[in-house]
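Enquirer: For this one, chain G is given, so just place chains V, R and S on it according to the hints.
4 protein chains.
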Amino acid sequence: MQKRRVQIVGATGYGGLGMLELLLGHPQLEPVALIARDDAGRRIDEVYPHLTGRCALVVQPPDAATIGADCDVVVFATPDRVSVEYAAALADARVRFIDYSGDFRFRDPADYAQYARAHPSIAETAHPLAALLGRAVYGVPELFGEQVASAPIVGNPGCFAIGMILGLAPLFADRLVADGTVTVDGLTGSSGAGKKPSPSQHFSHLNDNVVPYRVFTHQHVVEAQQTLARLSGGHAELHFVPHLLGTTRGILSTMHAALARPMPRDALLERYREFYAGHPFVRVLDSPPTLKGTLGSNYCDISLVTSADQRRVVVISSIDNLLKGQSGNALQNLNLMLGLDPRLGLDRPPLYP
Amino acid sequence: MQKRRVQIVGATGYGGLGMLELLLGHPQLEPVALIARDDAGRRIDEVYPHLTGRCALVVQPPDAATIGADCDVVVFATPDRVSVEYAAALADARVRFIDYSGDFRFRDPADYAQYARAHPSIAETAHPLAALLGRAVYGVPELFGEQVASAPIVGNPGCFAIGMILGLAPLFADRLVADGTVTVDGLTGSSGAGKKPSPSQHFSHLNDNVVPYRVFTHQHVVEAQQTLARLSGGHAELHFVPHLLGTTRGILSTMHAALARPMPRDALLERYREFYAGHPFVRVLDSPPTLKGTLGSNYCDISLVTSADQRRVVVISSIDNLLKGQSGNALQNLNLMLGLDPRLGLDRPPLYP
Amino acid sequence: MQKRRVQIVGATGYGGLGMLELLLGHPQLEPVALIARDDAGRRIDEVYPHLTGRCALVVQPPDAATIGADCDVVVFATPDRVSVEYAAALADARVRFIDYSGDFRFRDPADYAQYARAHPSIAETAHPLAALLGRAVYGVPELFGEQVASAPIVGNPGCFAIGMILGLAPLFADRLVADGTVTVDGLTGSSGAGKKPSPSQHFSHLNDNVVPYRVFTHQHVVEAQQTLARLSGGHAELHFVPHLLGTTRGILSTMHAALARPMPRDALLERYREFYAGHPFVRVLDSPPTLKGTLGSNYCDISLVTSADQRRVVVISSIDNLLKGQSGNALQNLNLMLGLDPRLGLDRPPLYP
Amino acid sequence: MQKRRVQIVGATGYGGLGMLELLLGHPQLEPVALIARDDAGRRIDEVYPHLTGRCALVVQPPDAATIGADCDVVVFATPDRVSVEYAAALADARVRFIDYSGDFRFRDPADYAQYARAHPSIAETAHPLAALLGRAVYGVPELFGEQVASAPIVGNPGCFAIGMILGLAPLFADRLVADGTVTVDGLTGSSGAGKKPSPSQHFSHLNDNVVPYRVFTHQHVVEAQQTLARLSGGHAELHFVPHLLGTTRGILSTMHAALARPMPRDALLERYREFYAGHPFVRVLDSPPTLKGTLGSNYCDISLVTSADQRRVVVISSIDNLLKGQSGNALQNLNLMLGLDPRLGLDRPPLYP
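Protein chains in written order, with our numbering: chain G, 1 to 353; chain V, 1 to 353; chain R, 1 to 353; chain S, 1 to 353.
In isolation and in its complexed conformation, chain G is listed as follows (with noise of 0.2 Å):
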């Protein structure tokens, strides 16, 4: 059977890599492009040399004619205002894609403004292909897999946006979240930061350290309350402190909400395993998940707890963030796209120790 042909553009970030090793070791899809702005004329295992051996493709610069030429779907692992600068011409060409970036997250261009006016480095808050956007379907496999299934466009959620998501989608879906308020705080591994240097990133400064950043106002939260809001037919309001860690990758949130009405552990439990049943990617563990118990593979391990007086609850989910929560997410939402089985190229156990 022939391969289908995926091309990757921003091949040569941490998303693009992360992309293309699945791609390595998938049975039925291969990578056949590898384009972006930095590293380009370099093969890829100079520019990673633990890709030695693996892949000896060049990167190519990125180029309107070369974008979705030759291949069966596009994945931009690429900042925000990439994707839509091709998307157009894609469209036109009837060349589906899936976009790492928030260009597509969000159906209503309000909804984009809202995330736009929280993101850090877009100044233009008006969505400049809106017309695009109902084209797209956001990609949490788990609750909207018939769309991406069929979906021309999939924009892929955020790090942290997929582990609130998949963390409270149960008790949203089931109205279980008074006030439809939840408490988060989220703990990010670096990588999440890409590949280039800064002071926030140097190592000697983050090494042993923690450091709480865009309290109240990190842009993942607009797509995730607008996605709970959407399951449970009413409000969601996030209070969301990221927390960067002196740790490479994975993202834990700890979740607290009141209950709508009293529930023991026992039964919210079942609840979220019923809930995800079928849903290979999702665990749902007895017992608090860890950072490191999602390492490396492509787990949502999900947990909760609940008071003494059955009327608080603490959901707690891990993901490894750049699986899960980037390149994993987005090949599962490509197999969907394509027909296949949700779990090709995504079954690796997590590293540990």
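Source of the hints: derived by calculation from the structure; they are not laboratory data. Worth double-checking, as some hints may not be accurate.
Since copy identity is lost for identical chains, a pair holds within one copy or between any two.
No more than 25 Å apart at the CA atoms, straight line, and that leaves these computed lysine to any residue pairs for SDA-like [unchecked claim]:
id, residue 1, residue 2
1, K195, D286
2, K3, Q28
3, K196, P152
4, K196, R214
Expert: Okay, now just chains V, R and S, sitting in the frame of chain G:
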């Protein structure tokens, strides 16, 4: 001038070690006896080679005749239910002491019982020496410094408790916390668990990991709630989730509350600065504190952010769990007990980078 | 096609865990029995929650009737002197096995005795089953692959040994090492010491630390020297200092030698590439390998630098101590023993970043 | 008593920061001017928030009129080729100074040229101010303390150099190293590379990593060889491989040599203790030093092991690269230059755990 003589019981644990190191650099105090069950008979610099050239005292086994003899004050750097064994005799002999455990953190036996019930290793919730509780002062020097100065017994706070109390005291004192309810995620380095090897402290398990534990049930919540309620004259309720981090030192507490009335951030920061004026070890910062910003020092760094509508606040505090969270705070209390400048022996900068 | 059946003895240690994880992803092998003294009776995904959804086998206690029954091959992921207890019965029953310990790494009882003397936990230096040593093959697949393929017993090398052997084999094969003498500093992650808590593996002690140990006396030197001497037909002498690092996985070995005759770097690199041609898990790099460049993979990365006068060489090798240094190499051997492609189940990229 | 006034040039790098922190705790010295190109005009506690409450000096831009004015001594915590720009004027004005770079580590311009050739960022190998070299003393206080005391200029050693020199000095002084040749693997934390972000210092890359670099060619070898040759009156040749570790602070050097004549370990240790008697910052230990055993202190810990035949020795030294490897050693020199007890301001214990 002759130095005051300090005995350390539990001298070979991390708590005793921390006090010893501080005393070795103190201009007016000196450690005169190191007492411990573990490693009794060995020189302390054999137990801890990094003390080579700094201290050659031999560890003595605990013994009722020794504890309290020939010294000005005793430091119990011991687990729960050790100091109570010696407390009556010390009280009779009018020897003052400070205790790192929960044995003397509560004046009311009912409060102690609540703590003991929450404690994972206390079987019997009745305090064995309740008559002495009235002589003990809870050792938060910034709040109860005067009482500490004259106290025969000081109960040094739990490490999580002091980070939460200092972070929330101005809000509770001003009755600014709606419903007296705060949601707290606490992140702690490994050293709080002491030097005894265990699976949860095994390097291969904990490195690069975050492990939530004792959700809703950590015993430090009891003393923090009681202290904050005492400040506000009302109710205090902390929903607390501790997380063990793959780092050695530090506690960062992120505390979320609804405000009883809307408050601008600047006014709150100003109130905090005023509240802690004259308290050199609490620093109110303009930006969120970081874990490493207090490492190796006795500082408690605090900052806060309000939501756009000024109805919610996030307060973040950072301490070194072994210093302001334990030995440093204990020495600050000791200085007060002995009529010394509270800064003596504690004026060390954080170790950065 | 029916999968071959593999038994794992010592299944709950890190070595057994590693083999289990690899077998779960192997297209032609399956783990059929998990045998271990620790945690017998528990489901393996209770012992290791990160295996949830991947394996639910129950750990069985070791028992002579079980070990070797109803399987194609046995893997002893056990400490020294365990496999020898079962080896005679297995040999009689013509059940092939591979052993992670030193029990079957030596063909000559005198060689074994040298190893046993150096081993910190072997009291009796005589091999208890010397008659079987002749049936065993030392499992370096890149050097002795043919013998491994037909061996009834394979002794999987020590983790430090394989890093040194692969790094030095081309030099010794070409008799390029002056006096056969090499000075080696080895840096190892903590996981080589296994899952048992101990003071040296206590997180607070090991984090951010480097601890040299067993200077000149590590037992892995014995098998490395013997193997290299066998390659050169001459003398091999390794002056070796292992260092325990505050990291979980990986061994980086820096090997210094005087060259028997001056050699340019390029010629040596070329010779290495030729030597390892056809061996997919050894990668000869242009630049020094890094510890993380092999993390989570079965690769051994090697590079070298010569001095300006071409009279000295430094060879550096990097492996994941739990994969090429243990379970990965064992599976590579197992594939050979069973006539399979040696890459099966091992084609994973390093986890970077 | 009035404190002596110290100017710090390069005050906003890690080297300048280290000196500032030490001076803030020094009983007889005070920092009076912070001079730096980066961050000029900002308060130092804005640049480094962990200094809040400790220092509020404003960073001044470098300026020939300022440097050396109104102070007793100048510390150049600057890269190569900065202090030489000001040195002539300072010499004319009889202002003494100490320099962290290689500018004044060599008395002979030919030696300097050898260093400059090895240095990755020095283009011109001729010393631009050779006439002043004769006034400079190489600042190893344990070896050249008397000369330092009266020196107009002190060249503070390179971080790797001082660890190797102190570790090997007794052997070279006694001509015990066969052929004067030593093989050294050096392991360094990241902070030696300073505060400037770069790909090699990017957290996601360096965390859990070990990266060998500049094999055979590190410039610190030049000054170490010259110093050791000076001690022995013979040849000194170091084959040195530095390794960058995923940790913030510390240098551990493992040094291998053949002995010129067989020596028992105890005799060598005794000789080391005698050699360093009266030098409080060198500690000769019975067991191998650890990286963390000197963290945050000015100690250089040393131990050694001999081979069974007493013909080889491994010496291991540990320092905090930013203290004994940089600012701590510089302050020790400064104390000597100003006639003070060399321990002043440096009596801090290692931060353990």
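Enquirer: Please name the hints from earlier in the document that this structure breaks, with their numbers sorted from lowest to highest.
Expert: 3
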